[in-house]
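Quick mapping for you: the protein sequence lines, in order, are chains D and P. So the first sequence is numbered by the numbering used here: it starts at 175 and just counts up by one. So the second sequence is numbered by the numbering used here: it starts at 175 and just counts up by one.
Hints may contain errors.
[What the hints assert, rightly or not] Okay, the calculated bits of chain D under chain P, using three or more residues with CB under 8 angstroms as the criterion: (1) 187-196; (2) 212-224; (3) 234-245; (4) 259-273; (5) 301-312.
Hints were generated in silico from the structure; no laboratory data involved. Note that the coordinates shown come from a computational prediction; the quantities given were computed from them, not determined experimentally. All C-beta atoms, glycine included, are put in the ideal place defined by N, C-alpha and C.
Number of protein chains: 2
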Amino acid sequence: MEEIKMTPIGIIHSPYATKEAAPIQGSFCPEGKGTVEVFAEFEKGLEDIETFSHIILLYEFDRAGEIELVRPTFLDDEPHGVFASRHPCRPNSIGLTVVKLLKRKGNVLEVSGVDVLDGTPLIDIKPYLVRFDCHPEASEGWAAGKEKRAKPTGRE
Amino acid sequence: MEEIKMTPIGIIHSPYATKEAAPIQGSFCPEGKGTVEVFAEFEKGLEDIETFSHIILLYEFDRAGEIELVRPTFLDDEPHGVFASRHPCRPNSIGLTVVKLLKRKGNVLEVSGVDVLDGTPLIDIKPYLVRFDCHPEASEGWAAGKEKRAKPTGRE
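Using the sequences and the hints given, assemble the complete structure.
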């Protein structure tokens with residue numbers, strides 16, 4: 175199939191300069207604030223985004239290491255398939271985080287619950303809609319009982 | 175910023191051959207079944223995916239029309255910014271749908287709640303985790319009170 179080309183639409187600024195400093199997931203560090211800077215040429219696309227309390231960020235894992243299809247994760251020492259985990263090193267380096275939208279100032283969104291590295295290229299923003307995206311009945315799969323912990327050292 | 179290149183990891187098969195036939199969102203047609211065919215070279219990455227009841231599909235809106243940053247949507251006749259809607263015609267044509275995982279057969283996943291066109295290129299699969307992705311407190315923004323309806327004719 176044909177290659178798909180994408181161009182960043184902005185940059186995510188976060189308090190996390192290194193992989194070690196970034197939380198495993200944004201929801202594990204809901205107080206972590208960041209800003210989403212959308213490039214001026216795309217600012218019009220933000221119209222009415224301030225009516226939403228939560229948004230979905232899609233971004234590039236631009237500093238991800240080597241891709242392995244099966245490997246341990248930050249949450250578990252057992253290996254799991256990369257499509258059964260949120261591991262950053264994956265074919266097509268796209269990350270997804272739901273963040274809280276605190277405020278919009280023109281082309282800049284103040285958000286909390288961010289988990290990405292500072293300077294991460296932004297690919298897309300979508301509104302989070304309970305009717306589409308909220309599934310409290312979902313199983314936790316292999317992650318059941320795997321709690322927030324320190325990132326194992328040396329693990330990508 | 176640098177261009178990002180992606181390669182499809184599979185194909186989504188759905189009952190929807192045309193844009194008119196596809197539901198506005200998968201959650202509006204939860205009984206709509208489809209199959210997610212992951213190319214053989216990526217099959218190992220599916221290990222343990224069957225432990226999850228819900229998965230997130232990221233895919234290419236490969237038949238999307240012209241991009242407009244502000245436009246009416248299927249749910250509302252008022253225009254909204256493209257990043258404040260799930261409109262398919264957006265900079266970086268990535269779509270996101272949470273589907274129910276019914277069964278895995280090797281490299282093929284049977285799912286329900288699919289809303290994409292038949293033959294849609296698959297970019298990524300992520301497990302849906304309540305702790306990360308479920309936010310029942312989220313506002314509905316401009317979409318509050320906008321109910322499922324027939325797609326307005328002639329609207330992309």
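- Non-conforming hints, listed in increasing numerical order: 1
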